[in-house]
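Novice: Let chain H serve as the given structure and place chain U on it in line with the hints.
2 protein chains.
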Amino acid sequence: MYAETLTKLIDELKKLPGIGPKSAQRLAFYILQSSAGDVEKLVVAITEAKGKLTHCSVCFNITDMNPCKICENSSRDHSSLCIVAEPKDLVAIERSGEYKGKYHVLGGRISPLDGLGPENLRIKELLERLAKDNFTEIILANSPTAEGEATNIYLTRLIRPLGIKLTRVAYGLPVGADMDYADEATMSKAFEGRREV
Amino acid sequence: MYAETLTKLIDELKKLPGIGPKSAQRLAFYILQSSAGDVEKLVVAITEAKGKLTHCSVCFNITDMNPCKICENSSRDHSSLCIVAEPKDLVAIERSGEYKGKYHVLGGRISPLDGLGPENLRIKELLERLAKDNFTEIILANSPTAEGEATNIYLTRLIRPLGIKLTRVAYGLPVGADMDYADEATMSKAFEGRREV
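Sequences listed follow chains H and U, in order. Read in the UniProt record's numbering, the first sequence has 42 at position 42, and its numbers run on one by one without any break. Read in the UniProt record's numbering, the second sequence has 25 at position 25, and its numbers run on one by one without any break.
Just chain H, same shape as in the assembly (with noise of 0.2 Å):
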């Protein structure tokens, strides 16, 4: 019904992850309506994005520049090492600026499910680091869901034997969360973590 070009752009737009058929007609006019200049900048934008970036070949995160700079960065820790599934894991910790050693990027989360195994995730590189670095502490930290517990079982497993100390983040009520509306497991992890005070 639309023109030819119109419906090719929304179609292309409803492929997106989370862009229905009625988000893509919103952004499809919105394109349409927007000046020549901040469309160029969008399309200049994914371009470069797919052009540029790549992962980082010491810890795999996403990076313009190989190594990333983090792993560039000497005013780091060097000793300490932590474990995250996705590049968006590792932004959140940076943001907390709680954690100043190096990451590993897994690349995802054991999941049977969606037919991800460890032999998907960057696990050999991990074993290779670990052998070469004088890592003194590994840290996990893997989102509290059944998939990550999996991912953390089985590098537990893994890393155990090399006699690294082996920490994971803790779990529990997170910080301005009204105590009452905190989930049964969300609780339980924040009594079995209780600590001295």
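It should be emphasised that the hints constitute simulated quantities derived from the structure, not laboratory data. Nothing false has been slipped in among the hints.
Identical copies look the same in the list; a pair holds intra-copy or inter-copy alike.
Calculated cross-link-like contacts (lysine-lysine; reagent style DSSO-like; alpha-carbon spacing at most 27 Å):
#	residue 1	residue 2
1	K132	K100
2	K102	K132
3	K50	K8
4	K41	K15
Specialist: Positioned in the frame of chain H, the structure of chain U alone reads:
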């Protein structure tokens, strides 16, 4: 925290309507892990749409040929004109297959709160068409909202003196809807517009 190129892409995506920081991040990662061919298709679709699409000089629908397919189609009813606010309303009507006449796209609705008055709509162009072509019926097809009603009232005052038959689409219960879920306004429209059976 992200590589600069990635931050730039996320920032551009965040400007799109209905796309918040989390969605922008998800879209950016989706684009990064898509094949180069798929990204190319998206970029071409955006660029072509922006470059080729224009408003039909007769009815102001969005089109890649001028006049548009509907205006050019000689098998359509030339005596009937349906007035809609936006191209997407036209598409919704075309989908129903019920209407076979011509269209006029106003480009919006009267909405003083958004600073949109009759002077911002294609009303001058509408009057020119009405003076030139011999329409025997004009159908107002605005959404039954405050803005749609304001536009209908304005157009009615303008068109009625011309002596052309003027109708508006029926408001009432949507087909397939459960009676007891209908809101009060729809229910009163349904009663107001009741017909003898």
